[in-house]
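> Now for the letters of each chain:
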Amino acid sequence: MTDCPAEKQTQHFKGKWHGFGPVSNCETVIFAVFDTTKCNQNGSKLAADSFSNKSLAINTQSLARAAYLTRLCFDQEIVESGKAEKGKLVGVAHAKVDVLRNLRADITTNSGLKKVRALCVLDKVDQGDFDGHATAGYAEVIERAQLSQKSLGKVRAKIRMDVAEVFSDITSPDRYRWPSQFEIGMKRVVSIVQVLLQGWFRSLHS
Amino acid sequence: MPVLAKSSLMLDIPTQSGKSEQRFAPVNVTTTGGVLASSAVNLLIGASLGIGLHPTSASDLNAVLEYFIGASLATTADQNTVQLTEPYATTEISFKAERNIDEHGVASRSSLAKIIIAERLRSDVDAECSAIADAAKQEAVAIVQRWNLSGDPRVMFSDDGVLTLQWQRDEYGVALIFAGDGMASIAFRRPGQLYAENGIDVAINENIPKQFADAMAALDRDN
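Residue numbers (this note's numbering), protein chains in the order written: chain A, 1 to 206; chain B, 1001 to 1223.
I should point out that these hints are in silico values taken from the structure, not numbers from a laboratory. Model, not experiment: these values are computed from the prediction. Each hint should be verified, as a subset may be incorrect.
In silico lysine-lysine, DSBU-like type, Cα no more than 30 Å apart, as pairs [as the list claims (entries may be wrong)]:
1) A:Lys-38 - A:Lys-83
2) A:Lys-115 - B:Lys-1114
3) A:Lys-45 - B:Lys-1114
4) A:Lys-54 - B:Lys-1114
5) A:Lys-114 - B:Lys-1210
6) A:Lys-96 - A:Lys-38
7) A:Lys-96 - A:Lys-14
8) B:Lys-1114 - A:Lys-86
9) B:Lys-1114 - A:Lys-83
Each pair of labels, with its calculated beta carbon distance range [stated by the list, open to error]:
10) B:Ala-1213 - A:Asp-129: 40 to 50 Å
11) B:Ala-1217 - A:Lys-16: 12 to 22 Å
12) A:Phe-182 - B:Ile-1200: 51 to 61 Å
13) B:Gly-1192 - A:Thr-109: 20 to 30 Å
Glycine included, C-beta positions come from ideal geometry on N, C-alpha and C.
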């Protein structure tokens, strides 16, 4: 069993014909920083407590897929909708998906010390989310390790520090090159073709 | 019962940014017998203690007073009232009392210990995990005082009550993680190595481990 089986198939609530498919390793994800987001001492970088332990535990820590989000969508779906709860936007930080997925954690089980995947990144889109939405969460293998609550809490605390480490400095969203609506449309076509091809290959093999 | 002082007790709380915040609110101080500097003083807590506390909660009140004067309190049957078995009286005198603590042999808190206690007051820990957070805080304060730790670490309580102290500069860092289980987890950050991929566990009553001392010294040296 892989550490993050849910990464292999789309988590879009409408199914495989919608959204952009599973998050690939070569993508970049964006974390929006608001007034109320906790950051490091000088406010230039994310800190462990920028991330919600509770959200990571149920794989709902929200991120945006940089390749599938227009600036307009970012402003409307993230900045405006987050304003009431989190205050005004301060900036954004980004991370490479393969780096996030390469994070490892040492856990001590009955069979000794094991190095396991720390974090999963999913294309989780629930009702009301935009299609370029992604989520991060602790890898299932950590949850399955049957650690005590306190040991699990310590492992999770270390992982959050590491997640903060791999995100970039906080910068203005104006410094990004956001894809155009046309590019996003083309990527939707590509994702539909990919689903068709996958179905075709599967039928060839069966 | 004569009211000896009725004022807004504004006190400085150190924060992680290095600045202090003026917080806290009305504390009415009265004596039980009208004798100042006697053995028993009741602190009647006013409408708001700020920082999201429930002012009538004895445990929160204990934490507030622990932070300021390092004394533990015996609560009375009336949860609004606590009995402080030290000769502290009016607002003015309570400040003096802070200075008097050393004379009375009560250990004064280091500034880092005060930050940890203040952060616990501010923290948003799940109710069912508050015992873990309180135990973690006690362990952290004990280690900080005994190992004589200082600096400007990031102090973080997570919703599950786990407390992390993180000292970091660029790609070098060291973290102490407490979960109230009698053990402190120490994790290191170096170029090419992240916190979750390494670490040692030490019992709270152990002496400072060499790896930790070396890592802290390296951070101090480079600052």
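> Against this structure, judge whether each hint is valid.
Do the hints match the structure? See the list:
In summary, the hint linking Lys-38 (chain A) to Lys-83 (chain A) is supported, as the alpha carbons are separated by about 15 Å, within the 30 Å threshold. As the CA atoms of Lys-115 (chain A) and Lys-1114 (chain B) are separated by approximately 36 Å, the hinted pair breaks the 30 Å bound. The straight-line distance between the Cα atoms of Lys-45 (chain A) and Lys-1114 (chain B) is roughly 25 Å, inside the 30 Å bound, and the hint therefore holds. The straight-line distance between the Cα atoms of Lys-54 (chain A) and Lys-1114 (chain B) is roughly 27 Å, inside the 30 Å bound, and the hint therefore holds.
A hinted pair counts as satisfied when its Cα atoms are at most 30 Å apart, and Lys-114 (chain A) with Lys-1210 (chain B) qualifies at roughly 25 Å. For the suggested pair Lys-96 (chain A) and Lys-38 (chain A), the alpha carbons sit about 21 Å apart, so the restraint of at most 30 Å is met. Our distance criterion of 30 Å between C-alpha atoms is met by Lys-96 (chain A) and Lys-14 (chain A), whose separation comes to about 26 Å. This hinted pair checks out: Lys-1114 (chain B) and Lys-86 (chain A) have alpha carbons roughly 28 Å apart, not beyond 30 Å.
A distance of roughly 33 Å separates the Cα atoms of Lys-1114 (chain B) and Lys-83 (chain A); the hinted pair therefore is violated under the 30 Å criterion. The hint said 40 to 50 Å for the Cβ distance between Ala-1213 (chain B) and Asp-129 (chain A), and at roughly 48 Å that hint holds. Our hint of 12 to 22 Å for Ala-1217 (chain B) and Lys-16 (chain A) is violated, since their Cβ atoms are close to 55 Å apart. Between Phe-182 (chain A) and Ile-1200 (chain B) the CB atoms are about 54 Å apart, so this pair conforms to the stated range of 51 to 61 Å.
In this structure the supplied range 20 to 30 Å holds for Gly-1192 (chain B) paired with Thr-109 (chain A), their Cβ-Cβ distance being about 25 Å.
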